[in-house]
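Q: So the sequences go chain by chain: L and C.
Taking my numbering, the leading residue of the first sequence gets 2, the next gets one more, and so forth.
Taking my numbering, the leading residue of the second sequence gets 1396, the next gets one more, and so forth.
For the record, the hints were derived by calculation from the structure and aren't laboratory data.
We treat Cβ as the ideally placed atom computed from N, Cα and C, and that holds for glycine.
Hints are not guaranteed to be accurate.
Keeping only pairs whose Cα atoms sit at most 30 Å apart, straight-line, the calculated BS3-like set for lysine-lysine is [to be verified]:
1. L:Lys65 to C:Lys1769
2. C:Lys1454 to C:Lys1432
3. L:Lys40 to C:Lys1769
4. L:Lys20 to L:Lys40
5. L:Lys18 to C:Lys1403
6. C:Lys1420 to C:Lys1461
7. C:Lys1769 to L:Lys18
8. L:Lys39 to C:Lys1432
9. C:Lys1754 to C:Lys1811
10. L:Lys40 to C:Lys1759
Here are the in silico distance ranges between beta carbons for each label pair [to be verified]:
11. L:Arg36 to C:Tyr1505: 33 to 39 Å
12. L:Lys65 to C:Leu1823: 57 to 63 Å
13. C:Leu1823 to L:Thr19: 41 to 47 Å
14. L:Thr19 to C:Gly1470: 19 to 25 Å
15. C:Val1797 to L:Lys65: 48 to 54 Å
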Amino acid sequence: MTEDQQKVVDFITGRSKTKFYFNDFLEVFPGRGPREVKKVLTGMVQEEILEFWSSGSTTMYGLKGAGKQGAAEGEV
Amino acid sequence: MAKHPTPKLDELESGPWPSFVSDVKQEAANRLENPGKIEHQIPPDCPEDLLGVLELSYKDGETHWKHGGIVGVFGYGGGVIGRYCDQPEQFPAVAQFHTVRVNQPAAKYYNTKYLRALCDLWDKRGSGLTNMHGSTGDIVLLGTQTPQLEEIFFELTHEMDSDLGGSGSNLRTPECCLGTSRCEFSCFDTQDICRELTMAYQDELHRPAFPYKFKFKFDGCPNGCVAAIARADFSLIGTWKDDIRIDQSAVAAYVGGEFPPNAGAHSGRDWGKFDLQKEVVERCPSRCMAYDGAKLRIDNRECTRCMHCINVMPRALRIGLESGASVFVGAKAPVLDGAQMGSLLLPFVEVKPPYTEVKEIIEKIWDWWMEEGKNRERLGETIRRLSFQRLLDVVGLSPQAVHVREPRHNPYMFFKEEEVPGGFERDLQAHRARHKR
Chain L
2 MTEDQQKVVD
12 FITGRSKTKF
22 YFNDFLEVFP
32 GRGPREVKKV
42 LTGMVQEEIL
52 EFWSSGSTTM
62 YGLKGAGKQG
72 AAEGEV
Chain C
1396 MAKHPTPKLD
1406 ELESGPWPSF
1416 VSDVKQEAAN
1426 RLENPGKIEH
1436 QIPPDCPEDL
1446 LGVLELSYKD
1456 GETHWKHGGI
1466 VGVFGYGGGV
1476 IGRYCDQPEQ
1486 FPAVAQFHTV
1496 RVNQPAAKYY
1506 NTKYLRALCD
1516 LWDKRGSGLT
1526 NMHGSTGDIV
1536 LLGTQTPQLE
1546 EIFFELTHEM
1556 DSDLGGSGSN
1566 LRTPECCLGT
1576 SRCEFSCFDT
1586 QDICRELTMA
1596 YQDELHRPAF
1606 PYKFKFKFDG
1616 CPNGCVAAIA
1626 RADFSLIGTW
1636 KDDIRIDQSA
1646 VAAYVGGEFP
1656 PNAGAHSGRD
1666 WGKFDLQKEV
1676 VERCPSRCMA
1686 YDGAKLRIDN
1696 RECTRCMHCI
1706 NVMPRALRIG
1716 LESGASVFVG
1726 AKAPVLDGAQ
1736 MGSLLLPFVE
1746 VKPPYTEVKE
1756 IIEKIWDWWM
1766 EEGKNRERLG
1776 ETIRRLSFQR
1786 LLDVVGLSPQ
1796 AVHVREPRHN
1806 PYMFFKEEEV
1816 PGGFERDLQA
1826 HRARHKR
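The task is simple: from the sequences and hints, build the whole structure.
A: Okay, here's the thing in structure tokens:
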């Protein structure tokens, strides 16, 4: 795992929620533009470290397998 | 015998209009009979369970669908929308009922071979129910299960040269009108730019990194057949710089009844003799037309491109030759702050391959919105929050009269530091030397 990828994982694991908006990750990389951050996140999805969660209208990122999965989405 | 009694849904079939309930029932019967001997990969009774869950929702007055999830195809952040029923024991065939969005061909031209392949795919791997087209413009395939997704994606991409469309915080599937392919009003090749931008922005379409959805739509003329001005965050709407071309002999032919007005579109009843003065000249919103009984004149400087006169007399009036498009930004539906129409950003831009000027504007807007936009904030909302003036700075445009909606409320003048000679810093000692305490 690269240094950038580790920062993302540390950011996610340091919080109680499991899904994050793209904008949330901008604070992990201060001074770096959204396009650069997107490259890091896209790479992590390709490597199956992260996965997309989509409501249909909005998309979020989370660690693969974390949080509610599949049909359990939306349950307390 | 239907699997679930649906008295409430049956009511929807009783009106004068075609009902989707009849369509779903037809497909339910078709799948049960299976005349084509299709090897259904998801439960064949899913249309019946779909009717059942909808009936229950009508009875309970609340939805029984949960939306969203991690379903998708590998590497794509959009195109598949997870749908799960919250009564899976009662309606097992729709326990999973995911939606797949497929990028439609520009202007929705199909051949029958493609449509057959699409139907065959969806009969086998989906519910057989489609929505052609969704309000997003793309092909919407309704109802499948998670194990089918990669199979569907493979067949779409490898055998049908089709890709998934956009969903989530992505660039959504770009949409355009027929454009110059069939329409004489079109001021630019909508299909070409739609395809070009779809191909150029594949990353934005499939890998979400925007604060929220972002839509491109391209209308070839101000008639707005894809309603870009009301729906798209970034719309191009065809316009022209020079004069409306007038064929006075054709004008006379309309007046004389030789040509039917509106190309015969309202010929279902007798509206009386065509009256050019009443039906065209007096309908002009800027009153820029005059007809003296022999010659039609247009003060083109005052024309607002409403298209009414051209629509009524298409054989006599034609769009100008120096054509391009106006750029509008920030339209959206009313989730927050109500609906917004697009705001005019550029009155005229040339729309010619390779569309460099258009792409530059788009990318500047994206860079700004990705930095400044809040989560789930559409571009129109960001503009409202941070001001249209800020957007002009970002895009590198000077304010013009067309950008001003109303006189300003605030009497103060505000300057930026770079606009003030010497900036905002001052030499306090020099000031005190001139002005004692």
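Q: Mind listing which of the numbered hints don't hold for this structure, in increasing order?
A: 2, 5, 8 and 13
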